[in-house]
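Undergrad: Those sequence lines, one after another, are chains A and B. Here the first sequence is numbered in this note's numbering, starting from 1 and rising by one per residue. Here the second sequence is numbered in this note's numbering, starting from 1 and rising by one per residue.
Source of the hints: derived by calculation from the structure; they are not laboratory data. Treat the hints with care, since some could be wrong.
All copies of an identical chain are treated as equivalent in the list; a pair is satisfied when it fits inside any one copy or across any two copies.
[Said to hold, decoys possible] Straight-line Cα separation of at most 25 Å, DMTMM-like style, residue types lysine to aspartate or glutamate; simulated pairs:
(1) Lys2 x Glu200
(2) Lys88 x Glu16
(3) Lys2 x Glu168
(4) Lys2 x Glu193
(5) Lys88 x Glu131
(6) Lys2 x Glu171
(7) Lys61 x Glu171
(8) Lys88 x Asp68
Residues per chain, in single letters:
Number of protein chains: 2
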Amino acid sequence: MKPSQRLYVQAELTAEGEIALDAGQTHYLAHVLRLGVGAEILLFNGRDGEWQARLTQIGKKTAIAQCDRLLRPQPAMVKLELWFAPIKGDRTDMIVEKATELGVARICPVVSDRTIVRKLNLERLRARAAEAAEQCGTLNVPEIHEPISLFDRLDRLAAGQVVLFADEAGEAVPVAQALTDRPSGLALLTGPEGGFTPSERTRLRAHPHVRAVHLGPRILRADTATFAGLALIQSLWGDWS
Amino acid sequence: MKPSQRLYVQAELTAEGEIALDAGQTHYLAHVLRLGVGAEILLFNGRDGEWQARLTQIGKKTAIAQCDRLLRPQPAMVKLELWFAPIKGDRTDMIVEKATELGVARICPVVSDRTIVRKLNLERLRARAAEAAEQCGTLNVPEIHEPISLFDRLDRLAAGQVVLFADEAGEAVPVAQALTDRPSGLALLTGPEGGFTPSERTRLRAHPHVRAVHLGPRILRADTATFAGLALIQSLWGDWS
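Could you put together the complete structure from these sequences and hints?
TA: Right under this line is the structure:
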């Protein structure tokens with residue numbers, strides 16, 4: 001039987017490699033799950049696939065696991081990015097959690113004119129993404145970038161990448177209609193509470209690689225727009241079919 | 001210019017009707033927005049459309065608004081229900097908020113074998129739905145039912161209604177494939193943390209009006225499955241196209 005406990009680690013994973021687990025992981029395995037030396041767990045790091053490993057030492061603050069065998073090779077990741085304007089409170093954390101579950105490769109906070117939250121605790125958000133990845137069975141953990149201005153981000157667009165801009169203030173097409181040509185990479189762009197300004201919208205719409213899409217007849221909150229947009233993109237273009 | 005403040009009320013809305021606002025609404029209008037007698041607001045009750053109204057009295061604990069004219073008639077609602085197993089903490093509140101934004105007509109908490117949360121504060125959830133409706137511009141507020149057992153709910157299926165069962169544990173089809181015949185009513189069914197039991201899954205799959213669907217290759221948390229499933233249903237079958 002496959003061990004059920006999956007842990008995300010930073011270290012390289014190779015056959016017989018010994019991995020030091022951190023204090024939180026050690027506490028969880030030894031005191032919450034009450035595992036002992038010899039117990040099997042799963043390890044992944046977002047690069048080297050999923051490994052079956054065995055606990056070989058359990059100390060007060062650290063434990064050692066040794067990699068036994070590769071169970072799943074690292075899968076290719078769908079080239080899906082989320083560009084979102086950070087919002088207040090726990091909602092940014094939830095966006096990171098849901099983006100991880102929904103298979104986003106890279107999370108890029110962008111600062112627009114009406115963005116109020118301009119600093120993020122990236123360490124906390126990265127921990128949240130790792131935790132979501134542990135739970136949802138994926139081997140991929142999204143990269144989380146420092147916030148930069150929206151149009152600086154747009155200037156760094158990758159070749160072949162298309163931005164789907166969730167525009168609630170004007171004419172836009174359903175997501176399915178914006179994806180008939182299957183671009184090689186996609187970013188979903190969602191705005192802050194209050195949306196984008198008219199001048200931002202004009203500039204976005206004039207960009208050759210930006211496509212305005214709508215997400216139905218109601219005004220969605222910023223977090224809802226990211227969840228709905230990512231689900232539609234994955235089902236139409238990504239790895240859900 | 002259309003007034004920007006929308007309030008949900010319980011009372012019937014008719015031309016020249018006078019509506020008493022509650023203490024929370026009165027405080028918000030008088031002390032947060034600092035509106036005075038004569039200020040215009042919008043009222044809706046989920047049945048009688050959206051009305052432009054004028055504040056005619058502001059007291060300490062209550063205010064009176066008089067309906068001036070109907071701005072939008074009550075739209076027909078998409079016959080979409082959410083059947084979900086309640087989960088812990090704030091996540092059930094978020095499910096209600098997002099279901100409202102995503103245009104669900106009726107929210108039916110269902111109790112399955114692994115459902116831990118069996119009692120809900122319906123008053124709080126109804127207030128959350130009303131608040132979400134105020135913000136997202138919809139005139140429809142979902143009904144929220146008392147939790148009942150999953151199979152009791154299934155016994156009360158409406159004529160023509162189909163249940164899409166988000167099944168993460170076995171063979172299932174993408175949502176698009178389950179909706180090729182355009183049923184007249186739909187319910188999305190999502191499970192508790194830990195999913196449905198094997199015997200529940202067997203019973204669900206044997207039901208002639210239940211269709212098992214999948215939401216991608218990763219295991220989604222219960223709340224994420226509701227957000228993603230509802231977005232897909234609205235875009236494929238509901239009022240998003």
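Undergrad: Next step is simple, just say for each hint if it's right about the structure.
TA: Checked hints:
Proximity of Lys2 and Glu200 under a CA criterion of 25 Å is satisfied inter-copy only: 24 Å between copies versus 50 Å inside one chain copy. For the identical chains of this complex, Lys88 and Glu16 are neighbours neither inside a copy (44 Å) nor across copies (40 Å), given an alpha-carbon limit of 25 Å. In this homomeric assembly, Lys2 and Glu168 come within 25 Å of each other (Cα to Cα) only across copies, at 18 Å, whereas the closest approach inside a single copy is 46 Å. Only between protomers do Lys2 and Glu193 lie at most 25 Å apart by alpha-carbon distance; the minimum there is 20 Å, versus 44 Å within a single protomer.
Taking identical chains as interchangeable, the C-alpha atoms of Lys88 and Glu131 lie at most 25 Å apart whether they share a chain (21 Å) or sit on different chains (18 Å). Taking the closest pair of Cα atoms, Lys2 and Glu171 come within 25 Å of each other only across two copies (20 Å); inside a single copy the shortest separation is 50 Å, beyond that limit. For the homomeric pair Lys61 and Glu171, neither the shortest alpha-carbon distance inside one copy (57 Å) nor that between copies (42 Å) is at most 25 Å. In this assembly of identical chains, the alpha carbons of Lys88 and Asp68 never lie at most 25 Å apart, being 43 Å within a copy and 36 Å across copies at closest.
In this structure, the hints that do not hold are numbers 2, 7 and 8, in rising order.
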